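S.K.: Residue numbers (the working numbering), protein chains in the order written: chain Z, 7 to 204; chain E, 15 to 103.
No lab work stands behind these hints, which were simulated from the structure alone.
The structure displayed is predicted, hence computed values, not measured ones.
Each hint should be verified, as a subset may be incorrect.
Claimed, not checked - Just so you have them, the derived chain Z footprint on chain E, three or more residues with Cβ under 8 Å:
hint: 1; segment: 41-50
hint: 2; segment: 63-76
As the list claims (entries may be wrong) - Sample of chain Z residues at the chain E side, in silico, Cβ under 10 Å:
hint: 3; residue: Gln15
hint: 4; residue: Arg34
hint: 5; residue: Ala102
hint: 6; residue: Leu103
hint: 7; residue: Ser105
hint: 8; residue: Asp118
hint: 9; residue: Arg170
hint: 10; residue: Phe174
hint: 11; residue: Ala191
All C-beta atoms, glycine included, are put in the ideal place defined by N, C-alpha and C.
Here's the letter readout for the chains.
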Amino acid sequence: MAESRDSGQSKDDSFARDAIPWMDDVYRFALSLTRDSNDAQDIVQETYLRAYRSWHTFEPGSDCRRWLFTICRNAFLRSRQHSRHEVEAIDGDAEALASAREHSEMIVDGTDRILASVDLGPALDRAMADLDEPFRSVVQLVDVEDQSYEAAADILGVPIGTVRSRLFRARRQMQQKLRAHAKDAGLATVEADRKSHV
Amino acid sequence: MSDEPRAIDCRTAVQQLWDYLDDELNDARMVEVRHHLLTCKSCLPHAEFGRLFIQALSRARERHVMPPAVRSQVMAALAEAGYSSESPG
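Bound conformation, chain Z alone (with noise of 0.2 Å):
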């Protein structure tokens, strides 16, 4: 009985450990993924309550906080009961080139200016937002989470290349976003709008 007691003990002192630490993040994950604070809320507890329940099987020394984001996942895609993503045909190289014009573009508007904007936060937060699954839960992990690409493919389960693809797709769409933003916050100049027409 002390025993069990005694590795119960060990299982939460490791579980307060290497699990806990991480809420703040899963939850940030969790609310790319739903949207929404409430399924963020319900998603985060669920996670956290199958990683308690299934702790035997997490490998100490491992990365626990891809373990969540994996499980976090996996918790989002049967909320939604979601089928399984088709692999989409975006091309990575062709969408770094495209972001580069973009900001091109930016430069000659002058809406290249908006990322010294102190207020950047919100219309960068709200860029994001707009983004469709599966590009946004990628901008989370890799931006904003600061996982590989290698760990963004586990953890979402495709290969590498789709993270690739779609992280350079979900930035340059959140180049436009921004560009628009700017344009509407008066950062456009009429000078550079007369030199985009030379």
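The hints should help you fit chain E onto chain Z, whose structure is shown.
M.R.: Chain E in isolation, oriented as in the chain Z frame:
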């Protein structure tokens, strides 16, 4: 004889720019892109913009923190499942 990295053109550099900024290229490719950016006035602004863009996105971590009430609810659900956050003794 020369230790100069293989020269790449602007198109190749830009195609690999996001991978470079994400530190996802192998060592040789990282050196090639870095070398190109050091010597190309056209591509460097794209790299600087990309770097700032990614930095701005990463700051979402600071903006989005889980509300304390949500944390309390999750912890309560875990407690119901048998989890105890209190250390013995």
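S.K.: For every hint, state whether the structure bears it out.
M.R.: Quick rundown of the hints versus the structure:
For the segment 41-50 of chain E, the stated coverage by chain Z is not satisfied: 0 residues place a CB nearer than 8 Å to a CB of that chain, which falls below the threshold of 3. Three residues within the 8 Å Cβ limit are the bar, and the segment 63-76 of chain E against chain Z gives 11, so the coverage statement holds. The beta carbon of Gln15 of chain Z is positioned within 10 Å of a beta carbon in chain E (closest approach about 6 Å), and the interface hint is therefore held. Checking Arg34 of chain Z against chain E: minimum C-beta separation of about 5 Å stays under 10 Å; hint holds.
Residue-level restraint check for Ala102 of chain Z holds (minimum Cβ-Cβ distance to chain E is 5 Å; threshold 10 Å). Residue-level restraint check for Leu103 of chain Z holds (minimum Cβ-Cβ distance to chain E is 6 Å; threshold 10 Å). Given the 10 Å rule on beta carbons, the hint for Ser105 of chain Z holds: about 7 Å separates it from the nearest Cβ of chain E. Checking Asp118 of chain Z against chain E: minimum C-beta separation of about 6 Å stays under 10 Å; hint holds.
A least Cβ separation of about 7 Å between Arg170 of chain Z and chain E falls short of the 10 Å threshold, and the interface hint therefore holds. Given hint, Phe174 of chain Z at the interface with chain E, holds; its Cβ is 5 Å from that chain's nearest Cβ, closer than 10 Å. About 15 Å separates the beta-carbon of Ala191 of chain Z from the nearest beta-carbon of chain E, more than 10 Å, and the hint is not met.
The structure shown violates the earlier hints numbered 1, 11.
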